[in-house]
Amino acid sequence: MYKSRLFGKETDLSEGAPVLKLSIANGETYHGNATKEFKPAQPFRFMGVKG
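If you read the sequence shown in my numbering, its first letter stands for residue 42, the second for the next number, and so on.
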């Protein structure tokens with residue numbers, strides 16, 4: 042498992058870790074340690090590369 046000290050807290054960045062996001066849909070702004078504001082989210086669906 043890979044953990045990072047991102048945002049001043051251990052954040053699990055390993056494969057299979059829960060997907061979390063910070064919302065900006067309603068003009069939210071964040072400062073300082075915002076880890077408590079992360080909410081569960083659906084993984085990003087990669088649509089491939091068109092070339």
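It is worth saying that the hints were derived from the structure and are not from the lab. One or more of the hints may lead you astray.
To be verified - Derived BS3-like pairs: lysine-lysine, alpha-carbon spacing no greater than 30 Å straight-line:
id, residue 1, residue 2
1, K62, K91
2, K80, K62
3, K91, K77
How the hints compare with the structure:
no. : hint      : in the structure
1   : K62 - K91 : holds, 27 Å
2   : K80 - K62 : holds, 5 Å
3   : K91 - K77 : violated, 37 Å
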